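Asker: Sequence:
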Amino acid sequence: MNTRVLGGLCAIAALGLDQGTKALAMNTPALENGVELLPFLNLVRVLNDGVSFGILGGVVPWWGLIALAAVIVAWLLIWLWKAPDRLTGAALGLIIGGALGNILDRLRYQAVPDFLDFHYGSYHWPSFNLADVAIFCGAALLFWDSFRSAKDKPGQGQRKENTTGM
1 MNTRVLGGLC
11 AIAALGLDQG
21 TKALAMNTPA
31 LENGVELLPF
41 LNLVRVLNDG
51 VSFGILGGVV
61 PWWGLIALAA
71 VIVAWLLIWL
81 WKAPDRLTGA
91 ALGLIIGGAL
101 GNILDRLRYQ
111 AVPDFLDFHY
121 GSYHWPSFNL
131 ADVAIFCGAA
141 LLFWDSFRSA
151 KDKPGQGQRK
161 ENTTGM
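According to our numbering, the residues represented by the sequence shown are 1 to 166, in order.
It is possible that part of the hints are untrue.
[Said to hold, decoys possible] Derived CB-CB ranges, DEER-like:
1. ARG108 to GLU32: 15 to 21 Å
2. PRO84 to ASN33: 45 to 51 Å
3. GLY64 to SER122: 20 to 26 Å
4. TRP63 to TRP144: 31 to 37 Å
5. GLY64 to LEU37: 30 to 36 Å
6. TYR120 to LEU24: 23 to 29 Å
7. GLY16 to HIS124: 24 to 30 Å
8. PRO39 to TRP144: 27 to 33 Å
9. TRP75 to GLU36: 37 to 43 Å
10. VAL51 to ILE12: 21 to 27 Å
11. LEU24 to ALA140: 22 to 28 Å
12. TYR120 to TRP75: 35 to 41 Å
13. TRP63 to GLU32: 25 to 31 Å
14. PRO84 to GLU36: 41 to 47 Å
I should point out that these hints are in silico values taken from the structure, not numbers from a laboratory. Just so it is clear, the structure is predicted and the values come from calculations on it, not from any experiment. No residue lacks a Cβ here, since even glycine has one placed at the ideal position from N, Cα and C.
Take these sequences, add in the hints, and give me the full structure.
Answerer: This is the structure in structure tokens:
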């Protein structure tokens, strides 16, 4: 499968799952007060007007975060267009899909709905959503890929070394 097509499919899947689960969260009244799903996981509806962990919340206007995210998505699309292999394409697609999901939310709500609340006793990880999961997984794949040697990457092991010293 073409790298760009795979990246596009990953972006569409991430965006679709994200928006579908957020629609459920936003339209489930019980999540207003939270619902314990597992001893370490609650589902609770929270609107985050910042970025990760609420950083910049109330400091940067919602439209500023949209502009920043749009620039980042444009840069990621250029990177996807030039992606050297399918792993990079899939990773970029996940990040793009997650970012587009959060952009749509900011356009609609001026904030991003979060609903996954992991905790241990009274210690809570900041709430997040499936766009955040897609972005994290895409970034983790890119990070892992950066440690693979050139010989392990498709099409990279056969490169000739520059013997001219330049």
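Asker: Each of the hints needs a verdict: does it hold here or not?
Answerer: A quick look at each hint next to the structure:
{"no.": "1", "hint": "ARG108 to GLU32: 15 to 21 Å", "result": "holds, 18 Å"}
{"no.": "2", "hint": "PRO84 to ASN33: 45 to 51 Å", "result": "holds, 48 Å"}
{"no.": "3", "hint": "GLY64 to SER122: 20 to 26 Å", "result": "violated, 34 Å"}
{"no.": "4", "hint": "TRP63 to TRP144: 31 to 37 Å", "result": "holds, 34 Å"}
{"no.": "5", "hint": "GLY64 to LEU37: 30 to 36 Å", "result": "holds, 34 Å"}
{"no.": "6", "hint": "TYR120 to LEU24: 23 to 29 Å", "result": "holds, 25 Å"}
{"no.": "7", "hint": "GLY16 to HIS124: 24 to 30 Å", "result": "holds, 28 Å"}
{"no.": "8", "hint": "PRO39 to TRP144: 27 to 33 Å", "result": "holds, 30 Å"}
{"no.": "9", "hint": "TRP75 to GLU36: 37 to 43 Å", "result": "holds, 40 Å"}
{"no.": "10", "hint": "VAL51 to ILE12: 21 to 27 Å", "result": "holds, 23 Å"}
{"no.": "11", "hint": "LEU24 to ALA140: 22 to 28 Å", "result": "holds, 26 Å"}
{"no.": "12", "hint": "TYR120 to TRP75: 35 to 41 Å", "result": "holds, 37 Å"}
{"no.": "13", "hint": "TRP63 to GLU32: 25 to 31 Å", "result": "holds, 27 Å"}
{"no.": "14", "hint": "PRO84 to GLU36: 41 to 47 Å", "result": "holds, 45 Å"}
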